[in-house]
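J.: For reference, the chains in residue letters:
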Amino acid sequence: MTIRGGAPAERTPAGAGDDLNDLLRRVAARDAAAFAALYQRTSAKLYGVVARILTRGDAAADVLQETFVRIWERAGDFDPVKGSALAWMATIARNRALDEVRRVRPGSLDDQPEGFEPTADEVDPLAARERSEGLAALIGCLEKLDEEKRAVLMLAYYRGLSREALARRFGRPVATIKTWLHRSLGQLRDCLGS
Amino acid sequence: MTISPDDDDAAAEYALGTLDPGERAALAARRLREPELDQAIRAWEARLAPLAEAAPEIEPPRDLLPAIEARIRGGAGEAPANADFVGLRRSVALWRTTAIAASLLAAVLAIGIVGREMTRRSTPREYVAILQKDAASPAIEVTVDLDRQELTVRPVAARAPPGKAYELWIIDAKLGAPRSLGVIGEARRAASLAAYDPSVVENATYAVTVEPPGGSPSGKPSGPPVFVGKLIPVGR
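The listed protein sequences correspond, in order, to chains A and B. For what it's worth, the working numbering labels the leading residue of the first sequence as 1, then goes sequentially. For what it's worth, the working numbering labels the leading residue of the second sequence as 1, then goes sequentially.
No wet-lab data here; the hints were simulated from the structure. Heads up, none of these hints are tricks.
Taking CB as the label site, the calculated pair distances span: (1) Pro61(B) - Ala127(A): 23 to 29 Å; (2) Arg62(B) - Val174(A): 36 to 42 Å; (3) Arg74(A) - Glu36(B): 20 to 26 Å; (4) Arg159(B) - Ala127(A): 50 to 56 Å; (5) Ala195(B) - Gly186(A): 50 to 56 Å; (6) Pro56(B) - Glu164(A): 25 to 31 Å.
The calculated EDC-like cross-link candidates involving lysine to aspartate or glutamate, where the alpha carbons are at most 20 Å apart (straight line), are: (7) Lys149(A) - Glu164(A); (8) Lys178(A) - Glu164(A); (9) Lys178(A) - Asp7(B); (10) Lys82(A) - Asp190(A); (11) Lys82(A) - Asp38(B); (12) Lys178(A) - Asp190(A); (13) Lys178(A) - Asp6(B); (14) Lys178(A) - Glu23(B); (15) Lys82(A) - Asp22(A); (16) Lys149(A) - Asp190(A); (17) Lys82(A) - Glu36(B); (18) Lys178(A) - Asp9(B); (19) Lys149(A) - Asp9(B); (20) Lys164(B) - Glu211(B); (21) Lys149(A) - Asp124(A); (22) Lys178(A) - Glu148(A); (23) Lys178(A) - Glu147(A); (24) Lys82(A) - Glu133(A); (25) Lys220(B) - Asp172(B); (26) Lys144(A) - Asp190(A); (27) Lys144(A) - Glu133(A).
For every residue, glycine included, the Cβ atom is placed at its ideal position computed from N, Cα and C.
Pulled out of the complex, with its shape left as it was, chain B reads as follows:
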């Protein structure tokens, strides 16, 4: 094994499950690009896995199997169930490559993925994402109205550090690099999404970085995201 002792500790805690959400997401992103780290995580999973044998059985709810069978029957050719999580991990990996203060990542990156499976059957046209670090921390609320192609940002008590600004980004594999949706002000603010395909808007990851006032001078995120989330439909 050639990974550092610190990385092996992180791999062990990943497998055990004790990393906090930000560290867990960061490691999940790194393992996609670092085969040795991925291998270390798998080795730890294998070491701990026999413990599961000792967990006493609990009868699951009765009607689950038909629901699962319906999903796998309808699932041929569809994306895997957790495609958007994988997508997010890839997005985070993409971020990492642009992140200057990588060491900050563990401290500040936290994932607040809201919702997981986009159901497109009933085509709800309004979506919301709550971007935050953890359940107790201030949040940023993003609302998207697909009909009006408009995005509204409302900082819910979340305030950028003094002399800095929060900038909102849309991230999707189809877009390549993260695209800025503008700097988040104190008040409610609407931005046009007319430039983006609705399927991208629906499935993208939304992230917030800390930038100089007025936004990133380079037009690219200059640090890792401090808030991340995805949209969930709000019914009609």
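So that you can see chain A by itself, here it is in the shape it has in the complex:
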């Protein structure tokens, strides 16, 4: 068995589904080489998820480490019927990042410091060229929301912004943001029909 992924040119995009399923299955069987290959294939993607939420680099790196430890421990729980391998791993990564950002420590800030509202480099899934079936369906539903409400959801998802941070950013009361979130999410659920 060889460990894949030395030169960057050999790397396959993280979206390639069957391979990741296979790697996870081998990781569940405690295959260390498969784990290293899985890391090579997905770490930049998962770091892209956590580092947008945790803007402090050391915190993002810690969470990425914990995420992969957890993937190692839980690989056996992955069920390909319920979703893609990448979605399963990204959910673990995102939950860890959210636990971290919603955990309050002395000297830490729940949200971005004042004056450091994220502006550049926002993720717009609608611009994604490569779309899995799941993403395409979700985008179809997101397109039905009006732009501002979609932007609220996207900043919450990709940047981990709290209701308070969203309220500041959109110049609305927190209660309004909460109502928007519930309505938009309800519309998404009905649109996705699941």
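Fit chain B to the supplied structure of chain A, relying on the hints for placement.
T.: Below, chain B without anything else, positioned relative to chain A:
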């Protein structure tokens, strides 16, 4: 799906990440006991998960993989990486069962877990926890000296509501129910921990409730915690 619309909203916001720390912790505790809520959260995670595909890649720092491999090699038989968070969620679940004013929970419960992985290798003997609601709010500082088996509480500008007192509790699965460490006064105050095993002291969750003056008459917390935290070692 049989959960209420409000719970489904909360599950959706849990998955999206917009609940505040107290609500997030409360829901994390409830999902351990309410399979339908747990299922609703998972359903929301699955609905939103495809969005992650659209997040552009960012190269992580280079040296992470060896560190992770070292952790999983050394990790056989050890507790999962987030064991103490799970432990805390369970503790909070335990609290919920004794909480009378459950509706207060969302308003007041907030988690200030300080530190996450106890490193026992270098055996530091002094620990500190900052218990607070959020970063901007007053805090209660708990310092533990394991050698002297002593705990010191210092309210940092945190004041109990008029006619009420703050009571400090130690919570650990090994103890069963939460145990009182006494009422917190205005000044620095030391309490003996001689009755507790050092490993319990190190790993326990510390929580503060609002009680009548003199402390809870029943000896059990009469409401949900308003401050929560865990200890982190302060180096030698």
